[in-house]
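K.L.:
Chains A and B, in that order, are what the protein sequence lines are. Residue 126 in the numbering used here sits at position 71 of the first sequence, and the numbers go up by one each step. Residue 103 in the numbering used here sits at position 48 of the second sequence, and the numbers go up by one each step.
Be aware that a few hints might be false.
Unchecked claim - Taking lysine-lysine and the DSSO-like style, the derived pairs with C-alpha atoms no more than 27 Å apart in a straight line are: (1) Lys77/A <-> Lys211/B; (2) Lys121/A <-> Lys106/B; (3) Lys77/A <-> Lys186/B.
To be verified - The following residues of chain A were derived to be distant from chain B, with all beta-carbon distances above 10 Å: (4) Glu63; (5) Tyr208; (6) Ala236.
Rather than coming from a laboratory, the hints here were simulated on the basis of the structure. Small disclaimer: the values here were computed from a predicted structure and weren't measured. Ideal Cβ placement from N, Cα and C applies to all residues, glycine included.
Number of protein chains: 2
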Amino acid sequence: MELKTIEELKEILHYLPSIGLKSAERMAYQLLEMDEITLQNLSSLISNLHKNVTVCPICGAYKEEKCFFCDDESRDNTSLIVVTSFKDALAFENLKSYHGKYHILGGNLSPTKGIGVNELRIDLLLSRIEKENFQEIILATDPTIDGETTALYIAKLLENLPIKISRLAYGLPMGGHLTYADELTLLRSLEGRKFLK
Amino acid sequence: MELKTIEELKEILHYLPSIGLKSAERMAYQLLEMDEITLQNLSSLISNLHKNVTVCPICGAYKEEKCFFCDDESRDNTSLIVVTSFKDALAFENLKSYHGKYHILGGNLSPTKGIGVNELRIDLLLSRIEKENFQEIILATDPTIDGETTALYIAKLLENLPIKISRLAYGLPMGGHLTYADELTLLRSLEGRKFLK
C-alpha cells in the first residue's frame with residue numbers, strides 16, 4: 056500500500072547514485088511536507104537545469120553564461136590541468152594556488168565500465184593542445200587504476216610534443232597516520248621519497 | 056566558485072532533514088547528469104505534488120483520489136489506531152493483521168518544539184469518536200517522552216467514554232540481544248513481564 060506519486064518520486068530519486076530505496080522514500084515524504092513555494096522553486100530549477108547549465112564546448116566544464124575557465128582572460132594560458140570531472144577542477148580552484156586552464160575529460164578510461172577513448176574528451180584535448188600554447192600539462196586524473204590508465208594513455212599520445220607533461224605526486228595523505236596507510240600508498244611514498252641531504 | 060543553479064539546488068535540497076550540505080551538493084551534480092526526460096518527470100512530480108497528494112479531512116492520512124482507510128468500506132470500523140504519522144499507519148498496514156481504521160495526529164505534543172494541542176488533529180479525533188462507533192482505540196504514538204505524553208493526554212480526554220483504550224506494549228525488540236537493550240527498555244520489559252504459569 057503506497058501512494059502512486061510517492062512510488063514514482065521514489066523511483067526517480069533512487070536513480071541518484073547515493074540514494075538507496077529507503078532514503079528515496081524518506082525524501083519523497085519530506086518533499087510532501089515542504090511548502091508550496093519551495094516545491095515550485097525546486098521543480099523549476101530541475102526543469103530548467105539542462106537549459107541553464109551547459110557544457111563548455113572547449114574544456115568540458117559545466118557553465119552558465121560564461122565558462123569559469125575558458126572565458127576568464129586573466130588566467131595563465133600556458134598551463135593546463137587535465138581532470139576527470141568538473142568537481143575535480145573546482146577542488147584545484149579551491150586551493151587558490153593554480154591559475155591556469157583546465158580540461159575536463161568527463162570520466163576515466165575503463166574497459167570494465169565500457170568507457171573507451173571516444174566517450175572522453177580526448178580528441179578535444181588534442182586539438183586544444185594543437186591550437187593553444189600550453190607549456191605544461193598536468194595529468195590530474197584519480198589515483199586509481201582507471202585514472203592511472205587514462206593518464207598514461209594521454210601521456211603516450213603527447214610524448215613527442217615539446218611540452219612538459221606531469222602527473223600528481225603519490226604518497227601519504229597529510230594529517231594521516233602511517234599505520235593506517237594502505238600498502239600501495241606506502242609503497243608509492245617510499246618510491247617517491249625525497250632526499251633531504 | 057560555484058554555479059548559481061547548483062547553489063540554489065543545494066540550498067533547497069539541504070532543507071530536507073536527512074541531507075547535509077555535502078550530500079546536497081553531490082545530489083545537485085547528480086541531477087545535472089540525469090537525462091532530460093527523467094528531469095522533466097521529476098520536475099513535474101514535484102510541481103504537482105501538493106495537487107495530487109492531499110490530506111484526508113477525516114483521518115489526516117495522505118491520499119490521492121481515495122483515502123486508503125476512510126474510503127475503504129471493507130475495513131472494520133469498530134477499532135481505531137491513533138498514530139503520529141502516515142508512515143506509522145503504513146507500518147501497521149504492512150503487518151496485514153489489523154483491518155480497522157486509523158487517525159493520524161500529524162505529530163506528538165512537544166513543548167520544546169512548540170507543538171501544542173492545536174497543532175495536532177486532536178479535535179478531529181474527538182469529533183470522530185463522537186460520530187463513529189469505535190469500541191477500541193489503540194494509542195500507537197512513539198515510545199518516546201513526547202509520544203508518551205501525547206498518548207497519556209489523549210487517554211485522559213477519553214477516560215469517561217465507554218470505549219476500551221489501549222497503548223502498545225513496551226519491551227525488548229524481537230531479534231535483539233538482551234545485553235544491548237537500554238535500561239529503560241529492559242525495565243519496561245521486566246514490569247510488563249507475562250507469567251507463563
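K.L.:
Hinted pair, alpha-carbon criterion (27 Å max): lysine 77/A, lysine 186/B. Please report holds or violated.
P.N.:
violated, 38 Å
K.L.:
Quickly compare the C-alpha distance for lysine 121/A and lysine 106/B to 27 Å and report which way the hint goes.
P.N.:
Not OK: lysine 121/A and lysine 106/B at ~37 Å, beyond 27 Å, violated.
K.L.:
Are the Cα positions of lysine 77/A and lysine 211/B separated by 27 Å at most?
P.N.:
violated, 36 Å
K.L.:
Against chain B, does tyrosine 208/A keep a CB gap of more than 10 Å to every residue?
P.N.:
Holds, because the least Cβ-Cβ distance between tyrosine 208/A and chain B comes to about 23 Å, which exceeds 10 Å.
K.L.:
Please settle this one: glutamate 63/A was flagged as non-interface, so is its CB more than 10 Å from every CB on chain B?
P.N.:
Contrary to the label, glutamate 63/A does not stay out of reach of chain B, its closest Cβ about 6 Å off (not over 10 Å).
K.L.:
Holds or violated: is the Cβ of alanine 236/A farther than 10 Å from all Cβ atoms of chain B?
P.N.:
Nearest chain B Cβ is 24 Å from alanine 236/A, so the label holds.
In summary, the numbered hints that this structure violates are 1, 2, 3 and 4.
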